[in-house]
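Colleague: Chain by chain, the residues:
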Amino acid sequence: MGEKFWVNVEKAMVESVLGIEACEFLISSASNNVSADMVSPPSNLGVQKGLCQLIDGSNWNYAIFWYASSLKSGGSILSWGGGVLANPKGSGAGKGNSIVDGKFEAVEKREEVKKRVLQKLHTCFNMLDGDNYAANLDAVSDVEMFYLTSMYFTFRCDSSYSPVES
Amino acid sequence: MSRATVELDFFGMEKQISANSRFPKFLNRQRSFRDIQSAISKINPELLKSVIASGSANQQSTPENGYQFDSKKSFSVPATPKEEQTPFPRLPVYYPLQRPALENPPQTAPLTIFYNGTVAVFDVPRDTAESILKLAENGFSKAVESTNQKQVLESLEGDLPIARRKSLQRFLEKRKERLTSLSPYACTPDCRS
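Each protein sequence line maps, in turn, to chains A and B.
One gets my numbering by counting positions in the first sequence from 1 and adding 49 to each.
One gets my numbering by counting positions in the second sequence from 1 and adding 81 to each.
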């Protein structure tokens, strides 16, 4: 698992959507079993209601709860503890996508690439979960893409790279 | 240094092939992947479940040759051992197979498990893999006391962080809701927990 599962084409695909740094992080993270290293892995934290209230009372697009746990190997880490996406603003069609050049084919291709990136992440991080949800998705907005990808991220509390900078 | 791939022979294929032998053999033969796949597809999952269930209640002899693997799936194991002889091959049987190393052997050989028509590959360190095998040998019904064993159990459950899975489920549900209620005049709150 890990490095050898990322063929060059896949790596380029992920980089094109998520950026080089994020891609590098995900590749190395996929081969570390961070969950096993956590002293108390996040389970059902019950933050959903609170996050919903945050969203309802604001113009935020999303709210993510980063859960802190100490590591058996030392230090501590932030990982996904829960999240909420706001409903897309405006009328049904607008999904807040950044359309690069406006051509329909290009947009379609980009949507397809986003879905494949999600599928790839799902495969790498959720090995026993047979049901790959990404295949059945409709178009994924940029915000949704960010939200879903964030689920795979962790942040060590001793590093300078933090959720804010992501 | 041998780079052996350890295979768990859940379907007793090796057992069927070495028909009358009751002792494990270390078979060093090539077996094509297609053979395995075709064998898997022929096995009825319900049949497999019933065999494992009856097998675990039926503590037969030669424990050092085989082990009973209590799957953690959702079928119940009968409490009373069955008197009549099961017509099915005694499953599962553990034969560690020494295979020659393939083209690019990884640092640690992956643990490959064939079960119920699915193939799962785990890249775990050697000692973890051995712990898993020992754990399966002892049977999951026994109380798991040591933290080491508990770790292995958790890693077997897939390590899928629950918080992430729940969030994903909610995301998909909300999406489905939104797609099925496409009325532009619908007034939904920004968030429903």
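Please note that the accuracy of each hint is not assured.
With a cut-off of at most 27 Å between alpha-carbon atoms, the simulated BS3-like pairs for lysine-lysine come out as follows [to be verified]:
#	chain 1	residue 1	chain 2	residue 2
1	A	LYS158	A	LYS60
2	B	LYS257	B	LYS247
3	B	LYS257	A	LYS158
4	B	LYS215	A	LYS164
5	A	LYS121	B	LYS247
6	B	LYS247	A	LYS98
7	A	LYS60	A	LYS164
8	A	LYS152	A	LYS60
9	B	LYS255	A	LYS98
10	B	LYS257	A	LYS98
11	A	LYS158	B	LYS215
12	B	LYS215	B	LYS130
13	A	LYS152	A	LYS164
14	B	LYS257	A	LYS164
15	B	LYS215	A	LYS121
16	B	LYS247	A	LYS164
Please keep in mind that the hints were generated in silico from the structure rather than gathered at the bench.
Colleague: Could you check the structure against the hints above and give me the numbers of any it violates, in ascending order?
Modeller: 4, 11
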